Structure formats: C-alpha cells, structure tokens
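A.B. asks: Whole structure, please, built from the sequences with the hints as guidance.
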Amino acid sequence: MLYIALFLGKLAYLFSRLFNKGGGSALPGLIALKIYPNLIQKLISQIPTNILVTGTNGKTTTSSLIAHFVTNSGHTIIHNTTGSNLARGVASHLISGSSLFGNMGKIDLGIWEVDEAVFPQLLIQIRPAHVVVLNLSRDQLDRYGETDSIIKKWKSALEKASWKPHVYINADDGAVYSLHSLKNLDVETFGVLDSTVIWEKKSTNPHFDIQAKIIEQRDISSITIVFSHNGYGKKLELPLFGEYNVYNFLVAYLVAQNSGTSRESIESSIASFSSVFGRMERLLLGKKELIINLIKNPVGATQVIHSLSKFIKKEDTVLLILNDKLADGTDVSWIWDTDFEKLQSFKGTFIAVGTRKSDMALRLFYAGIAKEKITVVDEISRSITSFLDRDDKGRLFILPTYTALLELQTYLKDNDYKQKHWHES
Amino acid sequence: MNHKYMNLKIGYLYGDLMNIYGDTGNSIALKHRAHARNIDVEVKMITIGSSYKVGDVDMFFFGGGQDESQIAVSRDLIKSKKGELIKEEIEKGIPLLAICGGYQLLGEYYQASRKQEVGSSQDIRLEGVSLFPAYTEAGDTRMIGNIAIESEWDKLIGFENHSGKTYLRPEGKALGTVLKGFGNNGEDGKEGCVYKNAIGCYMHGSLLPKNPQLCDWFIEKTLSIKYNKDIKLEKLNDFFEINARADFLAKIGI
Chain A
1 MLYIALFLGK
11 LAYLFSRLFN
21 KGGGSALPGL
31 IALKIYPNLI
41 QKLISQIPTN
51 ILVTGTNGKT
61 TTSSLIAHFV
71 TNSGHTIIHN
81 TTGSNLARGV
91 ASHLISGSSL
101 FGNMGKIDLG
111 IWEVDEAVFP
121 QLLIQIRPAH
131 VVVLNLSRDQ
141 LDRYGETDSI
151 IKKWKSALEK
161 ASWKPHVYIN
171 ADDGAVYSLH
181 SLKNLDVETF
191 GVLDSTVIWE
201 KKSTNPHFDI
211 QAKIIEQRDI
221 SSITIVFSHN
231 GYGKKLELPL
241 FGEYNVYNFL
251 VAYLVAQNSG
261 TSRESIESSI
271 ASFSSVFGRM
281 ERLLLGKKEL
291 IINLIKNPVG
301 ATQVIHSLSK
311 FIKKEDTVLL
321 ILNDKLADGT
331 DVSWIWDTDF
341 EKLQSFKGTF
351 IAVGTRKSDM
361 ALRLFYAGIA
371 KEKITVVDEI
381 SRSITSFLDR
391 DDKGRLFILP
401 TYTALLELQT
411 YLKDNDYKQK
421 HWHES
Chain B
1 MNHKYMNLKI
11 GYLYGDLMNI
21 YGDTGNSIAL
31 KHRAHARNID
41 VEVKMITIGS
51 SYKVGDVDMF
61 FFGGGQDESQ
71 IAVSRDLIKS
81 KKGELIKEEI
91 EKGIPLLAIC
101 GGYQLLGEYY
111 QASRKQEVGS
121 SQDIRLEGVS
131 LFPAYTEAGD
141 TRMIGNIAIE
151 SEWDKLIGFE
161 NHSGKTYLRP
171 EGKALGTVLK
181 GFGNNGEDGK
191 EGCVYKNAIG
201 CYMHGSLLPK
211 NPQLCDWFIE
221 KTLSIKYNKD
231 IKLEKLNDFF
241 EINARADFLA
251 KIGI
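Residue numbers (the numbering used here), protein chains in the order written: chain A, 1 to 425; chain B, 1 to 254.
Straight-line distance between alpha carbons at most 25 Å, and here's what the computed SDA-like set of lysine to any residue pairs gives:
hint, chain 1, residue 1, chain 2, residue 2
1, A, K373, B, D247
2, A, K202, B, S50
3, B, K196, B, L233
4, A, K213, A, H229
5, A, K202, B, D16
6, A, K371, B, A36
7, A, K152, B, E137
8, B, K9, A, D339
9, A, K373, B, L236
10, A, K342, B, I28
11, B, K196, B, P170
12, B, K44, A, G368
13, B, K196, B, D230
14, B, K31, B, E152
Worth flagging that the hints you see were computed from the coordinates, not collected in a lab. Predicted, not measured: the structure shown is a model, and the values here were computed from it.
C.D. replies: And the structure:
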C-alpha cells in the first residue's frame, strides 16, 4: 500500500506542478494519506533528527532560520514551507523528498513548521527530537477555538511524548511558559530582557536559558542585539525586523547548536539570511520600494505595527489588504483588537483593499486617522500601479492577510516584478 | 446642540477577562462617536477585585470570554454582588450592551452538557444574573458566521461564534429577527434580547462600528438619563460606516 500511496502522491505532485495548481503543497499528501494513513511515520522515521516548530506567529521565520544555519554547516535537510503546515502538507513534502520505494536518501534533518491546531496529532507522528513552542495567541477563532483549550491540548500531547523530546519554550509568553512546569520534559527557555513585545498573556518572573538585549533597530532590516547563553555572550547584528523576531533568532540559535552546528558557523551565517516570503520582504521595482509583511491576527499585527510605526515616513504609503476567505479566517473582528491607533501620528496615506476593504477603512477611521488620508481601492493591481506611477521617493508598506499575500505574489510574478527580488547588501 | 460639558462614563465589565472577538471595538466606537460631538468619554474597568457601587458609571459594556474566564466571572458577579447592583441600575434605565458570554451570564443560567464539563465536573451549571428573561444551554455545534437581523434599530450586522443556545422566556423581547445566520439558538429565528435599555446579543464584528445608529442610540439614551433631559445628537458624516454596511449586506446577499 505504501508504494501505491507514494506512486499516486507523486503523480498528483507532477500534475499539480504541470497545471500550476497550488504548487503541489497539499494534494499529494491528501491522496497518499487516504491510501496509507501511516505514511508520515513510515517516511519520517528514516530521518535521523526531526525538529518541530509551532506557535501562532513566527513559525516560518524560525524554521527558515534553523534551515539556514544547519544547511550552512553542511546538513542535508527537508523543510516544509508556509501554507503546508498541516498533516497533508508534511506528507506532501515527504513524498516529494522520498524515492518511489519510500527511501528518504541522504536527508539527515527534517524541519517541520506545524500549525498550532494539529500540533498534538503531528507531534506523535513526527516524534521530533526538538520541539519549539514560540507563542500562543488568538488566531482565527472561527477555526481554531480559544487559546485556553489549545494550551490544554498541547500540555496533554507533550505529557504523552514518551521519547522525551527537547522542548524550547518562549519564557516571556505566559501561556507558553506555563509548559515549563510539565514533568518529564527536557526544557530550555528563551527570552528578551526588558522586552516591549506584546503577548496575549505575559509571564511573571520568567527564567531565561538564552537571553538577548536589544541594542538598536537601525533600519527595517537590521537589529543589533547582545545575547548570552551558558556564560557565553556576543553582540550581533541580525538582518531581521522587530523585537519579536529576536525571539525567533534565539530559539533557532539554540536548536541549530543542539543539532550540531557550531556557534561560529551560526554567527557568521546569520548575515546572509534573507527575509522569507511576505515577512518584511523587500522588493525594488525600478526606483520604488515595496515592503511586504503578512498580518493575520491581533497580537502579530500589533507587534508589526508597533515596530513599523517608528520607520514609516510621511512620504510613504501603507496598503492594508484585508480578506475574509477561509484561510484568513472569515471573522474580521480581530482588526478591532489590533492597535491601529499607533499609526495615528503617521503623516502619509493609507489604502484599504481586499474582500473586507470597507471594514478596514472603517477601522482606520475609528483609530483616529483623518478621513482624507484613507483611500479605498477595488483591486490590488490598481493600488500598486498607481503607486508605481507616482514620481516620488515614498515606499509602499503592504500589510496583507494570508490569501491577500498569495494574490499579491501572483500579481507580482505575472507582471515580472518578482524577478527583481532585492537583497540589501 | 453643544454637548461640550457632557461626559459619559462607560463601565467595562470584566474587560480584562471578557474581551475576545474584537468586542473592544464597541468601546472604540462609543468613544469615537461621542468625541465627534465633543462629549468626553471615560472607560472604567469593573472586574474581579475592583470595587463598584451604584451610580459609578452611566452605561455598561460586557463582552465575550473564554470558558475559564466565564466561570470566574460568573462566580464574581454573584459573590461580590456586582450582578445585583448592575440589575438595580438596569431597572432604573441605565443602558447596557452585552455580547455573547456577557449576554449569557446576564441571563438566568448557562447549562453545560455533561460531556463538555465547564471547568470541573461540579461546575455543570453557571448561574447568571437573571437580568434577561433567558437561559442558555450548551449545544454540540458551533454557530459561526456572518449575521444580519432586522430590528427596531434598522438592520444590525455582525459575526457570531457560539455553541451555547439561548432561549427567551415568553415575556422576553428579542432584539430582532434573523435575516442571515443563526441568532439565539439557530431554531426560532430570533436574535438577542432587550430589557429596558439593556441589550444582549451574540453579535461580534465588532457590533457598534458597523451599526452606528445603535451606537448613537446608546449615547443619546445614556446622556438623556444622566442629564435628565431629552438629548438629540447631531448627525455625522458616516461615509465609512455606510460603505462598510452596504458592502457587508451585499456580500451576504441581503
């Protein structure tokens, strides 16, 4: 049965590639799991070390940082990408990485970004040696339910993990930090001193195994920190934006080190890390710069807005794209829990687009932003072309929800903008 | 009319525990629309451990919360006697808006199913304040989605997300009739409950920003009672509100 599942899975993969249906990130896994439900365990158990990353925000950046560090030190990895962090996505990646006979070849590290709702189920199937728990806040309550019930499920899943994984927890996030009292767990904690990051629940008196202090966010792609770990300390410049990403770096550092990458290797390779798709992604179109950052839930969006507010200049434009499709969450109430008030003092203009653009515009207006500064536009394409036509130095900060980010990506590719992917030197 | 020296004090009931699904947007809307008329607004948090006495605030707002918060709040409402005091105020005509969990706790009770077990097994029934002549029973399916109702305040729109089914007693007056969505229980086509100037319902969204006519009614009622005279607010240019309403109604086909 495994061979049939693999064969059909691979066939589905080829077809979806051929007809460009979603790049083959879900369908092969979906089909193969129907035929052979143990597919994930069967294939993944051949990989010597697996790493699982979960949490509400920062999964993609953290797993990409780990992947970057370990590949630089010579590991051969398999790593699922964003948008495929459910069981079928993990299965699809395994299918594409395996031979027709179910052989995973030379892969020695699996890095798996896992959706918070399916974490208990995938924890058992993946049996990772390392489990990263980043944070927990409300996200798409229409799909996931409430955070109290999620943390309960996480606790009971971790308690049942008989192989004793090494668990990394964010000590500043109160909900996540409550996991450190679980018995039989091998825990390491990470945190930022005098952190200004907003969590849904903040911890009191947390203990940090690795910690950082923020020195300065110089511009949107460089933050300087001093970190210390087991008596070792170092000042480092990270090509990252926002204090919340320092947490992602710290835990990626720990995991990479515990997976056999040296401090020197991590510290020298961080400079060449480039931003992930839709996470402070910078594009240069002619002389005009676009900066794209996904927003999807109130805590994450508030963190982004707080960090950005210092860097937006009056000649810049902020484009908010609010969709309410299934993958975004059909409930847009979360925009009222997001601190858009922080953008009050911003002198530039706002554009609202998306299936719920008029809700977005109303939110901005009630955040105290003058009505003249808010424009509602029907199409993403029009908001971008009119920006490109303007002859000034202003940048366009695009904050899209998940499906809006995918639409934006398609638009930029179709118009050949995406080839000019720009990395800051 | 000049409302310059007027102010409005909102009592945000258990705002630290009961604030999910963007319910804070309701106090944002009240503030925004009051400020537009030069009316000062103060929000006072009334929660576990804080004191409250009759006359402290001019209106109440009560949002939805997670299960555990709801248990703690239910206990506090009864133990600290806040529930009784709130009821006393509502009898006098003080306005109140309660959404979802807040609405349930102001009814007679919330009956959890034995399987579901709210908290420990002893906590199968959460006592309410009996302000609204209504009671709630746990259901097996969540009622999730956009909702629109026809009411005295024109069409009201929002987003509902609840598994509790609320039933009104025969004397209970519904807030409106469901045009789209589930409403109180997904069975009788009614949504919410109105008692004097208190409104309870399942509409998140947030409710008041997209229903400015209801928001203004709350401000007018609150001030009229506070200053003991008939207060009429001047109209605002509701460009964004009207658009958001029109787009929403078009989206759900009404």
